[in-house]
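There are 4 protein chains.
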Amino acid sequence: MIIVMASSRPEDVEHVVQKVEELGYKAHVIVGVERTVVAAVGDERGKERLTALESLAHVERVFPILKPFKLAGREVRHEDSIVECGSAKIGGGHFCVMAGPCSVESEEQVNSSAQIVKAAGATMLRGGAFKPRTSPYSFQGMELEGLKLLQAAGRATGLPVVTEATTPEQVGVVAEYADMIQIGARNMQNYGLLRAAGKSDKPVLLKRGMMSTINEWLMSAEYIMAEGNPNVVLCERGIRTFETETRNTLDIQAVPVIRKLSHLPIIIDPSHAAGRWELVLPMACAAVAAGADGIMVEMHPNPEVAMSDGQQSLKPKRFSMLMEAIRPLLQVMNKTL
Amino acid sequence: MIIVMASSRPEDVEHVVQKVEELGYKAHVIVGVERTVVAAVGDERGKERLTALESLAHVERVFPILKPFKLAGREVRHEDSIVECGSAKIGGGHFCVMAGPCSVESEEQVNSSAQIVKAAGATMLRGGAFKPRTSPYSFQGMELEGLKLLQAAGRATGLPVVTEATTPEQVGVVAEYADMIQIGARNMQNYGLLRAAGKSDKPVLLKRGMMSTINEWLMSAEYIMAEGNPNVVLCERGIRTFETETRNTLDIQAVPVIRKLSHLPIIIDPSHAAGRWELVLPMACAAVAAGADGIMVEMHPNPEVAMSDGQQSLKPKRFSMLMEAIRPLLQVMNKTL
Amino acid sequence: MIIVMASSRPEDVEHVVQKVEELGYKAHVIVGVERTVVAAVGDERGKERLTALESLAHVERVFPILKPFKLAGREVRHEDSIVECGSAKIGGGHFCVMAGPCSVESEEQVNSSAQIVKAAGATMLRGGAFKPRTSPYSFQGMELEGLKLLQAAGRATGLPVVTEATTPEQVGVVAEYADMIQIGARNMQNYGLLRAAGKSDKPVLLKRGMMSTINEWLMSAEYIMAEGNPNVVLCERGIRTFETETRNTLDIQAVPVIRKLSHLPIIIDPSHAAGRWELVLPMACAAVAAGADGIMVEMHPNPEVAMSDGQQSLKPKRFSMLMEAIRPLLQVMNKTL
Amino acid sequence: MIIVMASSRPEDVEHVVQKVEELGYKAHVIVGVERTVVAAVGDERGKERLTALESLAHVERVFPILKPFKLAGREVRHEDSIVECGSAKIGGGHFCVMAGPCSVESEEQVNSSAQIVKAAGATMLRGGAFKPRTSPYSFQGMELEGLKLLQAAGRATGLPVVTEATTPEQVGVVAEYADMIQIGARNMQNYGLLRAAGKSDKPVLLKRGMMSTINEWLMSAEYIMAEGNPNVVLCERGIRTFETETRNTLDIQAVPVIRKLSHLPIIIDPSHAAGRWELVLPMACAAVAAGADGIMVEMHPNPEVAMSDGQQSLKPKRFSMLMEAIRPLLQVMNKTL
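Residue numbers (the numbering used here), protein chains in the order written: chain A, 1314 to 1650; chain B, 1314 to 1650; chain C, 1314 to 1650; chain D, 1314 to 1650.
Here chain A stands alone, though its shape is the one from the complex:
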């Protein structure tokens, strides 16, 4: 932790040194031309206590040196993690394509979706049963019935399924029917939910909050891992910016940034980032070339009548085109589907 002093008066510096040492750190004072700096050496896992020194009038700023995550960090595990989910592998050269409708709407719709994405080459089936919707008046999902339909469609096609849990209590039932538990963007800092997922033995897909920094995202992964579940896959799905031509701004740079900071696999969801189906194919290609470990794509047999997210869902034919577009890129990148 580096503490930049607002005042260089010896008694003010001494006061800070004393506080630093009371908190169990070793203090180094560096007297500069215009500013004095106190470096606090020690484990920063009590850092909010040090940050409180900013409440002193003679302290200008306190900033940390270490990244706050541990289990999710590249430093404790150098090699890439490979997360297994039924027949699918994600990370370390294994590319994963999770595809399917935004919501499970009926038996026919989910079965048809599963067959279409399987035929085109997807490796996992997605579909929402518990839907977190901005409006209380919107379709909230088929819930338990949806879970059962999704599981059946997955089994019929041999595709592992991923679906969202939105409360700590739903984690149990989702883990029972699905192969992977999704934590949605709006719940990235729902710590009760993260802890519940951390206690499950199913792998977890952790979407980045649309307002969350990469550091916070890794800290949310840390919550899951600290409960004993090491199988976390990160999913970038767009962040909020001032641009209005797209629903969100896909932060493609997150791929190499995460690769450097963490050993966890990272996939891209171009459907939610764009909010418009025309952008999904080129962004899936960009994800492959950027080095992502997979993509998650919304496909609906008939988007114009979808209960949710119709505008960003691909038609079956367009999904096949996407798969054809990424195959040669995967080959160049030495990734196997």
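No lab work stands behind these hints, which were simulated from the structure alone.
Pairs count within a copy or across copies, as identical chains cannot be separated in the list.
Cut-off 27 Å, straight-line C-alpha distance, at most; resulting in silico cross-link-like pairs (DSSO-like, lysine-lysine):
| # | residue 1 | residue 2 |
| --- | --- | --- |
| 1 | K1383 | K1573 |
| 2 | K1630 | K1648 |
| 3 | K1573 | K1630 |
| 4 | K1628 | K1573 |
| 5 | K1648 | K1515 |
| 6 | K1431 | K1628 |
| 7 | K1383 | K1402 |
| 8 | K1431 | K1402 |
| 9 | K1512 | K1383 |
Got chain A sorted already, so can you dock chains B, C and D onto it with the hints?
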């Protein structure tokens, strides 16, 4: 709902008109110089179905005319709502000052805090027992014990207390010990939690998510109100932007915007917006002058040793100065404390 | 400058120490538990050279300790600067109200505007002659003729006038006809223009870019001051965020932040921040209470036919209401109009 | 233009209809369940006049239907534009790699840079002579001497050169020595500069402002084209967001969005987006796969001593690796270097 056509070919327009009518709307076609527009007239509460028309190649864009909220809207209730919370009133000319420490840390700390803020003129006591922290390794709050200490400190000073619930299950116990249930910024779209708070008979303080639009914020209030709880107070606490001199950017314009759109009271939390104690006093003054119905301020008897948020907490003396600064402004604004 | 090492190997640390000393700084090495840090002590005004050390694989991050501005900083001048502009004073207790139309449109319009704002109590007249417009097909201003009409309207009412220059060449003619030169938000980092304004003897109103940090804004003031012109007034006019209910987000916290960092006066332009006339009055009040040294407000005799910015311009009667609303607040804040 | 009424009273609607017709549009009134809408049919190139209707209390919102650009739009020119710049072609299947140092620093440095990038396969040489720097105390470039050195290095290697002009007056001299005129991000809305570039016969590289929308960017291209210069290449270089792990957030979605809206070529500058050299290679790959028409990359023979942008510049060996990485991807995408 307005549907802007990408194509003006009669068959494409006819296709859209048909879809619009199938969904139960009346369609008006307006042929412009360069674009054809289809207006869909009817209740937009099924609007995601219409939005799905964007999946058609011959549709450029679909946008709604109506605001999506109903109960929270100014249109269903013209006069300002006044929310009562024990002895405190919020809204309609009643100004509320909620003050106290970020976290309840000990009996002595919370009692001392309650006495200090009461003496300076605060009308409610705040203090966290269940703390949503970015890091799983940070202090997570005193939980049930903290709730009991907070309640006792409130009763001893006659101040109603407000504290946060972070999961649906905590709502019951929080409602038992506290006078107002706080929903934190990170949980603004935790719909399970919103529904649980909506079923409680205690008033709810709904903080704005740090990257949530005003529309989404009102939709979260709508979730609470749709469950039968009309007593919602909105709290602006800063949004995320590119500026790094402050922790968040206080969206002070939210006050008059909410005033126009909604009948619900709105208060300002300058402590979390700024993340720095020196900005709290001028921003509390700005909140009063902008027309807010209250403020929520972090005060700690000894910020340099606070377990959390020390850098943004006011010392007792500075909190008194804040109260002295806002009193004459409240008088000008015709607000009573 | 603090250099955080990615590697703690002695030869890597030694390499950085050597580089730091080659660039003329003194190096202090602090060996921490998990990271080694090198502090480079010396004047940071060559800092991009040090920043280049980030190109080394064994360096994780380089960050500066000192603020990059000097003349604009509070440290070189402790007392508040008061900028004089004809009969108007700005700063140090003097509050300034600059009001008038977005664009000068005709002799009648600008004269009528000047009389209206003067009668209501404004202290300066604003009006654009050279208009920077997003579209090349929009009205670009009356240019020289507009300058002359503005000057005449100012003289007739005794109001000093402020108007924008958009290119280095326009600075001369603007300085000839106006009492204060405005640098618009889009030109905040137009360094040629800043230098030209710095060579003028007229005071400069420097608007914050809608995408600029407070640090960058003060660096732009530094450009003007470094050319010899100390009379800079800063103007916050809203920054860009994801919120769409308002045109921009008014960063009201900029007032106390600037007050701490700089001795320069700061005013608020609520018209451009909001982009909607209904928000202008409450935001003008908030500006006063936050401690601003003035406001800049768009008023048009007949906004519905304005050539530009009609939607955010106040009608004459609403402008009078605004003046009535801020007077008692100015009294509380000990500011004189 | 769609005008949403706040009031449905016949006299208010009639007032708006009258105003719309006075401005030369045809008005269509659509009476909805809760809102009345007036559609104004006609050319929207006078739209700020219509927008002014928002100043009426009985109007809620006015929003445009048409995109404001014309010459830059896909509608006036269906096929992709190919911009020629000496031996280099950009667009329509031709991929361009502009590489070289941030600043021209010396004859040796620029010559060595030119040879290195040429040998690795770059098709154009970049290098700054007039540098827009945040600080007035930073190195401001070698100016005219830099231009001459850059031209010489380009001629010696057969690489066309691109360099920035920062004021209208510099356009002439830049056009004399360079093959392409760059407009930097900070000057994207410097309209005097855009007009000067529009009068030149050299092609223009227009960087996106770091907080400019795609619409504004195309409007800036429109300024150049409206002066008679059709040879504009767009360059996405990252936008500003809350994320701090990278200098800016690369808006990779801009590639397919621009492709849909405009016929102009679009290239990506991963160096400025990332601000960190390690991200440049994967982002260059992503740019190719997203369908970009080129990249612009900073390469320095010895980044640790660079006068500017050292931390984001590639070393010669890393630049060669980048070229090797994109070649097979270009083949998949059917692009020729």
